[in-house]
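Peer 1: Once you've looked at the hints, dock chain B with the ligands against the given chain A.
Protein chains in written order, with numbering that gives the first Met the number 0: chain A, 0 to 458; chain B, 0 to 578.
Take these hints with a grain of salt, some might be off.
What the hints assert, rightly or not - Here are the simulated lysine to aspartate or glutamate pairs, DMTMM-like style, with alpha carbons at most 25 Å apart:
no.: 1; chain 1: B; residue 1: Lys-554; chain 2: A; residue 2: Asp-369
no.: 2; chain 1: A; residue 1: Lys-439; chain 2: B; residue 2: Glu-491
no.: 3; chain 1: B; residue 1: Lys-95; chain 2: A; residue 2: Asp-109
no.: 4; chain 1: A; residue 1: Lys-291; chain 2: B; residue 2: Glu-267
no.: 5; chain 1: A; residue 1: Lys-365; chain 2: B; residue 2: Glu-553
no.: 6; chain 1: B; residue 1: Lys-45; chain 2: A; residue 2: Glu-22
no.: 7; chain 1: A; residue 1: Lys-291; chain 2: B; residue 2: Asp-106
no.: 8; chain 1: A; residue 1: Lys-291; chain 2: B; residue 2: Asp-546
no.: 9; chain 1: A; residue 1: Lys-291; chain 2: B; residue 2: Asp-108
no.: 10; chain 1: A; residue 1: Lys-291; chain 2: B; residue 2: Asp-111
no.: 11; chain 1: A; residue 1: Lys-20; chain 2: B; residue 2: Glu-61
no.: 12; chain 1: A; residue 1: Lys-107; chain 2: B; residue 2: Glu-32
no.: 13; chain 1: A; residue 1: Lys-447; chain 2: B; residue 2: Glu-465
no.: 14; chain 1: A; residue 1: Lys-447; chain 2: B; residue 2: Glu-267
no.: 15; chain 1: A; residue 1: Lys-358; chain 2: B; residue 2: Glu-553
no.: 16; chain 1: A; residue 1: Lys-294; chain 2: B; residue 2: Glu-96
no.: 17; chain 1: A; residue 1: Lys-365; chain 2: B; residue 2: Asp-501
no.: 18; chain 1: A; residue 1: Lys-358; chain 2: B; residue 2: Glu-263
no.: 19; chain 1: A; residue 1: Lys-447; chain 2: B; residue 2: Asp-501
no.: 20; chain 1: B; residue 1: Lys-45; chain 2: A; residue 2: Asp-369
no.: 21; chain 1: A; residue 1: Lys-439; chain 2: B; residue 2: Glu-267
no.: 22; chain 1: A; residue 1: Lys-439; chain 2: B; residue 2: Glu-570
no.: 23; chain 1: B; residue 1: Lys-95; chain 2: A; residue 2: Glu-237
no.: 24; chain 1: A; residue 1: Lys-238; chain 2: B; residue 2: Glu-96
no.: 25; chain 1: A; residue 1: Lys-439; chain 2: B; residue 2: Asp-537
no.: 26; chain 1: A; residue 1: Lys-365; chain 2: B; residue 2: Asp-503
no.: 27; chain 1: B; residue 1: Lys-554; chain 2: A; residue 2: Glu-188
no.: 28; chain 1: A; residue 1: Lys-238; chain 2: B; residue 2: Glu-94
no.: 29; chain 1: A; residue 1: Lys-291; chain 2: B; residue 2: Asp-266
no.: 30; chain 1: A; residue 1: Lys-107; chain 2: B; residue 2: Glu-96
no.: 31; chain 1: A; residue 1: Lys-20; chain 2: B; residue 2: Glu-44
no.: 32; chain 1: B; residue 1: Lys-554; chain 2: A; residue 2: Glu-362
no.: 33; chain 1: A; residue 1: Lys-365; chain 2: B; residue 2: Glu-263
no.: 34; chain 1: A; residue 1: Lys-398; chain 2: B; residue 2: Glu-465
no.: 35; chain 1: B; residue 1: Lys-45; chain 2: A; residue 2: Asp-50
no.: 36; chain 1: A; residue 1: Lys-365; chain 2: B; residue 2: Glu-267
Unchecked claim - Counterexamples of contact, computed for chain B against chain A with all Cβ distances above 10 Å:
no.: 37; residue: Lys-278
no.: 38; residue: Ala-351
no.: 39; residue: Trp-437
no.: 40; residue: Gln-458
Keep in mind that the hints were calculated from the coordinates and are not lab data.
Backbone N, C-alpha and C define an ideal beta-carbon position, used for all residues, glycine too.
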Amino acid sequence: MTGKEYRTITDVKGPLVFLNKTEPVAFGEIVTLRLSNGTIKNGQVLDTSDDLVIVQVFEGTSKIDREAGVTFMGDVFKLPVSTDLVGRILDGAGRPRDGGPEIVADQKEDIIGAAINPYSRQSPNDFIQTGVSAIDLCTSLVRGQKLPIFSASGLPHNDIALQIARQAKLKDSDEEFIVVFCAMGITAEEYNFFRSDLERTGALENAVLFVNLADDPAVERIITPRLALTAAEYLAFEKDYHVLVIYTDMTNYCDALRQIGAAREEVPGRRGYPGYMYTDLAMLYERAGLVKGKKGSITQFPILTMPGDDITHPIPDLSGYITEGQIVISRELHQQGIYPPINVLPSLSRLMGSCIGEKTTREDHKSVSDQMYAAYAQGRELRGLVAIVGEDALNERDKQLLDFSGVFEDKFLRQTRDEDRSIEETLDLCWTLMSSIDTKYLVRLDQKWIDKYHPDNKA
Amino acid sequence: MSNEGVIYRISGPVVTATGMSAAMYDVVRVGHEGLMGEVIELHGEKAVIQVYEDTSGIRPGEPVLNTQETLSVSLGPGLLTQIYDGIQRPLPTLEKEMGVFITRGVDADAFDLEKIWTFEPQVAVGDEVVGGQVIGHVQETDTIIHKIMVPPTASGTVKSIESGDFNVTQTVCVLEDGTEMQMMQKWPVRTPRPFQQKYAPDTPLVTGMRILDFLFPLAKGGAAGIPGPFGSGKTVTQQSLAKYSDAQLVVYIGCGERGNEMTEVLDEFPHLIDPNTGKPLMERTVMIANTSNMPVAAREASVYTGITIAEYFRDMGYDVALMADSTSRWAEAMREISSRLEEMPGEEGYPAYLSSRIAEFYERAGRVETLNGDDGSVTVIGAVSPPGGDISEPVSQGTLRIVKVFWGLDAGLARQRHFPAINWLNSYSLYPQSLDQWFRDNISQDFPEVRTQISGLLQIESELQEIVQLVGSDALPTDQQLTLEVARMIREFFLQQNGFHDVDAYCDIHLQYRMAKAILSFQDAAKSAMASGAQLGDVVNVPSRSDLMRGRFEKGYIDIIDSMVDTMTAEIAATVEDN
Ligand SMILES: Nc1ncnc2c1ncn2[C@@H]1O[C@H](COP(=O)(O)OP(=O)(O)OP(=O)(O)O)[C@@H](O)[C@H]1O
Ligand SMILES: [Mg+2]
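Same shape as in the complex, but just chain A (with noise of 0.2 Å):
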């Protein structure tokens, strides 16, 4: 149904507009805009009364003036969904950019998309193998995780993504991921490279893309993840896939928030950002996730580059606070020339505890993760210490956990991008580079794995 058009608007700001006398319209209702050169501009309700109507406008606010047709859509914005979506390129705003036909849909779904009863929810415990050693060994991904990356500009975390990306599985099976990107405010250049890998692998076939880049209007950067995340939950809940949902960057949709807040004349959070972004970054984290009676599932891999490299800023923060853990990227091991520059000691994964050991990786994965951890966690702060007092100073059980931080990052770390290491890979290495150490200081290890696995015991 389309309505009546409307040239009533009072006030235009920033990324919204004001128009009053107007028809009942619902809040959440999607609108167009006819500029009087002819351009159609899309947006969306934010507050709604008798007398006053406010529009968020998806494309920006330029050239929009008071003579500007507005016409209300009769409905919240959907998104047509099928699995036609598969293979397909989209744009932020769900409108095909591959040059191909129209989605024809089984049905529209609201993109706002509906809370999973968590009475509902099932715990996430199958572990994938990304293939990249720091990940699997220290911060297990699990099926059904929301894990983010929390890197900075200029360090390799879309490498990483999409290594993850290629590689990700399941152990011990071929069942094969969906993959859902989302772009919001990237530059073409790193698109382009999203792109053409996924090409070149053949995964584009397997995937759906949602692209808003940085000349892309802002503000539809609100909708571009929720576009995502609805074609995900259809995926994977209606048709059985596992998705992986890979966005990018997560700081550029902050941004546009601040931006819509500000415009509102909202008192603003922390930094200038909205009180309620906790909440609605939750919208989005949650959803993902295994739900009870259903087969798919939605595994989350956010990417957002930290301004400053500062992780207390509100955007790495408030994701933290939402998120099942997080891979930080360090710019100091970038530096030195390590790829990937994982920083395991800042990372976690949460649901780590229920995905590994015995039946699903090795009996020995905790223990040595433990270890692994612990002695180059050590091994990093003597290096402090040995700035200060010389190598000398050190004991030798100091100078063997110094010595090992190095090859911890030399040889553990260190991986080619194209290097799909399986879990018992990655623990075999573990065994050699710890048998640097004495095992008496390996106080971590339980004994009976190092009478099993210990090259010494081994060979």
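Peer 2: Relative to chain A, chain B with the ligands alone:
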């Protein structure tokens, strides 16, 4: 004006209605779908309503109906083992009605109104009864007798009293004045339930976590705040408290947090045994789950729903513990609603009344003489999620002003995998004085002194560490090196406790005491051996000491710890001769 008005404006969860007579906190039905809402402000003839469900698609002009009730919870048999959303709709019922996604416009009774319970009368015809008095018992679960009480406002002479099988809406007792009583009653969530008087707390809530019970004990009826940055252990601590603390009933509120964390509790609790009673944990638990992506107005209400349920069980004479994870999300819900109301913001955009709301909430904790003369308590433990981990922000500060126990979680400790990551240097409890008598009478006469020694050693360690940072530990005299060793033993053997360990996650309070004594025994034995010429290195490395320390991971530790200590002291004494 009538009970019916129309919508004038919709702005997110806040809806304004006109043409309707309304009073503050009236519950209303909004729009054609009858979404539940609550009047939170009156402006001339406009009523401002917070709506507990998603409002998209709703239009001005749709009807609003005032039910003229206030937001209330249903109280009665059937509460236990339930999981509710913030406005007490059972999530299993919502699943049945809507499927796995929560849509809107569905009402659900708080519990099965048809279910038959066996009511055992506790009063007889002709008895005088007053508000709060127990008129009958229902065995609700194996562990909990649900006491049916006269509503706080009623009193009179019993005209008739039933016995036998009834559902919660059937009348089981009638008073001479015609008042009919059922097993279910209602109570408005924003009004504290009445009691006769508050007592000073004198009994600890024993949690089974060593750092809490030993160093920073919480009283039954007390209030504690757990602030900490993300990933520092608020949820694990709260869940451990729900599992192991010696409260008789637990109300667990997941307020604006993760869905999966609630699922975890739901998966786990039915299989867990309460170490204090040996019965399934679920049978003493009521859960409220209004996760971060569920409507914020219902999140705002969730803590009131929870605490009202807690008070109700308190009024039966039970010790109830309530966990709210996280109160910051509740405060943020208030902030969001307040900003939609265009109220004058206070600090960081929070409403000016934030700190008084926080104080009012924690004030509902307490150990009381109930209306029926019994002794009951509500202990409140609130998690706080300060932005960037910086507790100078309003929610942390508002909480710290009112609670007497502060368990400060520390990102650094969490990163070192020292769990629970509670900072022993800046955490505090103001209860020890009122609880010491209990510890002396029930655990050991010298319990408070042992605590003082343990915390003293940790203090000294932190001072020594500053010197070590500069000159290295080898430069310290051996007695101070020993102190560092003892302090390390306190940290690694005593304070660290893996919340997921099969055995060590819960530590009996008597065992806690003996472990602390074991550390002091080590210190004494080492001191005297070293005075006789033993080497620190030898003393520290006696094999029986690591056996002693590992013992905590095995069942039955409490039976052998004393003899392990004896072996250790003997071995330490023997290091003198080796020299
Ligand atoms: N007592 C503990 N024993 C063992 N591990 C713990 C303990 N406390 C915390 N952890 C570890 O730290 C992780 C994070 O803890 P938790 O989820 O409780 O953090 P939180 O403070 O609630 O974070 P958020 O604010 O993001 O919810 C856990 O997944 C677990 O790995
Ligand atoms: Mg938590």
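Peer 1: Of all the hints given earlier, name the ones this structure violates by number, lowest first.
Peer 2: Of the numbered hints, 8, 13, 14, 20, 21 and 27 do not hold.
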